[in-house]
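Protein chains in written order, with this note's numbering: chain A, 1 to 116; chain B, 1 to 114.
Think of the hints as simulated: they come from the structure by calculation, not from any bench. Do not rely on the hints blindly, as some may be mistaken.
[Unchecked claim] Think about it this way: if two alpha-carbon atoms lie no more than 30 Å apart in a straight line, the pair counts; the simulated DSBU-like pairs of lysine-lysine are:
| hint | chain 1 | residue 1 | chain 2 | residue 2 |
| --- | --- | --- | --- | --- |
| 1 | A | K51 | B | K9 |
| 2 | B | K70 | B | K100 |
| 3 | B | K100 | B | K71 |
| 4 | B | K9 | B | K57 |
| 5 | B | K100 | B | K57 |
| 6 | A | K70 | B | K57 |
| 7 | A | K70 | A | K51 |
| 8 | B | K9 | A | K70 |
| 9 | B | K14 | B | K100 |
[Unchecked claim] A short, non-exhaustive set of chain A residues, derived as facing chain B with CB atoms under 10 Å:
| hint | residue |
| --- | --- |
| 10 | Q9 |
| 11 | F12 |
| 12 | P43 |
| 13 | R60 |
Please read these numbers as outputs of a predicted model, since none were measured by experiment. C-beta: ideal position from N, C-alpha, C; glycine also.
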Amino acid sequence: GQQLNQSPQSMFIQEGEDVSMNCTSSSIFNTWLWYKQDPGEGPVLLIALYKAGELTSNGRLTAQFGITRKDSFLNISASIPSDVGIYFCAGPQRNAGGTSYGKLTFGQGTILTVHP
Amino acid sequence: NAGVTQTPKFRVLKTGQSMTLLCAQDMNHEYMYWYRQDPGMGLRLIHYSVGEGTTAKGEVPDGYNVSRLKKQNFLLGLESAAPSQTSVYFCASSQIFAAKNIQYFGAGTRLSVL
Chain A
1 GQQLNQSPQS MFIQEGEDVS MNCTSSSIFN TWLWYKQDPG EGPVLLIALY
51 KAGELTSNGR LTAQFGITRK DSFLNISASI PSDVGIYFCA GPQRNAGGTS
101 YGKLTFGQGT ILTVHP
Chain B
1 NAGVTQTPKF RVLKTGQSMT LLCAQDMNHE YMYWYRQDPG MGLRLIHYSV
51 GEGTTAKGEV PDGYNVSRLK KQNFLLGLES AAPSQTSVYF CASSQIFAAK
101 NIQYFGAGTR LSVL
């Protein structure tokens, strides 16, 4: 089945530093989603990418859809304490018949800790 | 502006007890999903529904049942809870449009089975 591998698994950074994380797969995805989960909450969508090579920003966050369609990257600039949480990448599953019924495959997450 | 609401938020069960987790969405979404989240394993799909009256198995369905009698509600049942079902459970809903699918999540139910 499709699997998404995120790295790093965890990061400990100082406030103000930039952060980079990535998500890779052995399968091609036609959509990449990045979610953030705050402690004690459910995941919330940060950025959605629909086209190979696409670069999209949301405030201090920038995500890119890899040209090979097998990877995606998320960067956070000038981190602040509220950036703490778990960041997930996700992509639509594909069944043998080509339909996914909206199902998503999630990476295992990158845990971000920001020290003031 | 409720979105996806899950009840209860916390629950402690003894092995063998049963319970039902409720998910309600007010966005008129067709698709709904139940996930479990365990440390280091991301989100794993338990069951999902593509419309009122329909349900289907995800990747980890054993020990769980679901029902979607009304479009806005998706119930997850544990008939005989086991310690391995200690987890955080998330419900999500989505509406696929122009091949774009974004899932919206509830705040989760934290379940401990002793």
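Hints and how they fare:
no., hint, verdict
1, A:K51 x B:K9, "37 Å, violated"
2, B:K70 x B:K100, "24 Å, holds"
3, B:K100 x B:K71, "20 Å, holds"
4, B:K9 x B:K57, "24 Å, holds"
5, B:K100 x B:K57, "22 Å, holds"
6, A:K70 x B:K57, "27 Å, holds"
7, A:K70 x A:K51, "12 Å, holds"
8, B:K9 x A:K70, "36 Å, violated"
9, B:K14 x B:K100, "41 Å, violated"
10, Q9, "7 Å, holds"
11, F12, "17 Å, violated"
12, P43, "5 Å, holds"
13, R60, "21 Å, violated"
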